[in-house]
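Construct the entire structure; sequences and hints are all you get.
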Amino acid sequence: MWRTEQRLIAFMAAGYLWFLLGIAWVPSNKLYQQGLVVLLWLPALVSAVVFRSSLVATWQSARTYCTLLLALAGWAAISCLWSDSVDPVRHLKRVLFVLLFLSGLVVLSSERPRAIWKGLAVGFVGLALSGGVGIYVFYVRDMHSLVERLQGIGEVSHPILGAYVMAIAAIWGVLSFPQGLARRLVWFGLLLLIMLFIALGQSRGAMLALAVGIGCMPLLGGGRGTWICCLVLVIAAGVGYHTFEPLILQRGLSYRPEIFLASVEMIMRHPLQGIGIGTPYRVVTANYPAGFDHSHNAFTHVGIQLGLVGVALWTMAWASAVWTAWQHRRSREGRLVLGSLIVSFVALQFDAASLWGTPRAEWFVTWLPLGLALALVARRQGDRLRTGYSLAS
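Sequential numbering of the sequence shown, starting at -4, is according to this note's numbering.
Rather than coming from a laboratory, the hints here were simulated on the basis of the structure. None of these values were measured; they are calculated from a predicted model. Errors might be hidden in some of the hints.
[Said to hold, decoys possible] Here are the simulated DMTMM-like pairs of lysine to aspartate or glutamate, each with C-alpha atoms no more than 25 Å apart in a straight line:
1. Lys113 to Glu0
2. Lys25 to Asp82
3. Lys88 to Asp288
4. Lys25 to Asp288
[To be verified] Label pairs and their calculated CB-CB ranges:
5. Ala5 to Trp77: 39 to 47 Å
6. Leu76 to Gly352: 16 to 24 Å
7. Val135 to Val279: 36 to 44 Å
8. Arg324 to Arg179: 22 to 30 Å
9. Ile230 to Trp77: 47 to 55 Å
We put the beta carbon where it would ideally sit given N, CA and C, even for glycine.
Dropping the structure here:
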């Protein structure tokens, strides 16, 4: 039995890294999803039974937060009853994926917490290197002009969503500096590489999210090294903004105020229950009659699909996650989660309006930060549950 448990945890640790790194390095989305099925979904499903005591302990320790997440997932599943989706079963399956992802992080953090937090550092390195490869491929090999918006490799090829993934990875890097001068110099170079990727992607939402996240880091008690690192990064960001200012400002507000007002009007047409997950919709504005295929804001997107009930659950879940991370802010893990939540919250105001799709770039600023908050709770409970052996080493 002990060996079976070890194998399950090993599979989930590999699946967690596959999730973090595969988003950029796996050549196709199909292969990425297949890898998640083998390495994460199936082990998480079995682990929900084998390690049910870990799930129960986390529930008991963070009852409000867990209840909000379960209620949100349950409401999304129920909304399939009035959804216009042609395949509601597929969307029910995606809700299950979210629950498996969250429960998998709980079990992994309870049994092998180092895999969670060291995994973020590994994710930072892997994503930074993929950013460098993306810059080379797009501008050197394919000879695109520097004024064109960078498209990275793999599933971070979208200029906006890819930049959000890199922004949250940058926070992991800032809070995971290694020991030793040589390693720190390499680490700082990787941070600059990620910032260059974000600048070349010209995503103002990602730039703002990263700026807010980095600006908050010293306030969370990261120490003198964090202050120095953040100061240098802010200076580098200022230089980058000055360099690309004409390209950044030429798109104006990109219809965002009009999209927001039109989205609120759509919410009020179905204020209680929304239109259901999986129902296609378009946000039409007076100055863009062709419409947009989503609301460019995660909170209004939730409102359109799940009504004000969904907005309330989503908002309270985020507030509960922030409170959980705030309680652990004196630990490095707590700061990692709090920084991830800050960057993600800002990013969600401008894009990432896809909650119930298969794992993709949007998951890095939606379900991953919420799952990491659960992992904080599970890490504390895991020490009480582990008897006779330890999987954390």
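Okay, the hints, checked on the actual structure:
A threshold of 25 Å between alpha carbons decides the hint, and for Lys113 with Glu0 the separation of about 21 Å falls inside it, so the pair holds. A threshold of 25 Å between alpha carbons decides the hint, and for Lys25 with Asp82 the separation of about 19 Å falls inside it, so the pair holds. A distance of roughly 22 Å separates the Cα atoms of Lys88 and Asp288; the hinted pair therefore holds under the 25 Å criterion. Distance check on the hinted pair: Lys25 and Asp288 sit about 23 Å apart at the alpha-carbon level, within 25 Å; holds.
Checked against the hint of 39 to 47 Å, the pair Ala5 and Trp77 passes, with Cβ atoms roughly 42 Å apart. Look at Leu76 against Gly352: about 20 Å separates their beta carbons, and that is inside 16 to 24 Å. Val135 and Val279 have their C-beta atoms about 41 Å apart, which keeps the hinted 36 to 44 Å range intact. At roughly 23 Å, the beta carbons of Arg324 and Arg179 sit within the given window of 22 to 30 Å.
Roughly 52 Å separates the CB atoms of Ile230 and Trp77, a value that falls within the hinted 47 to 55 Å.
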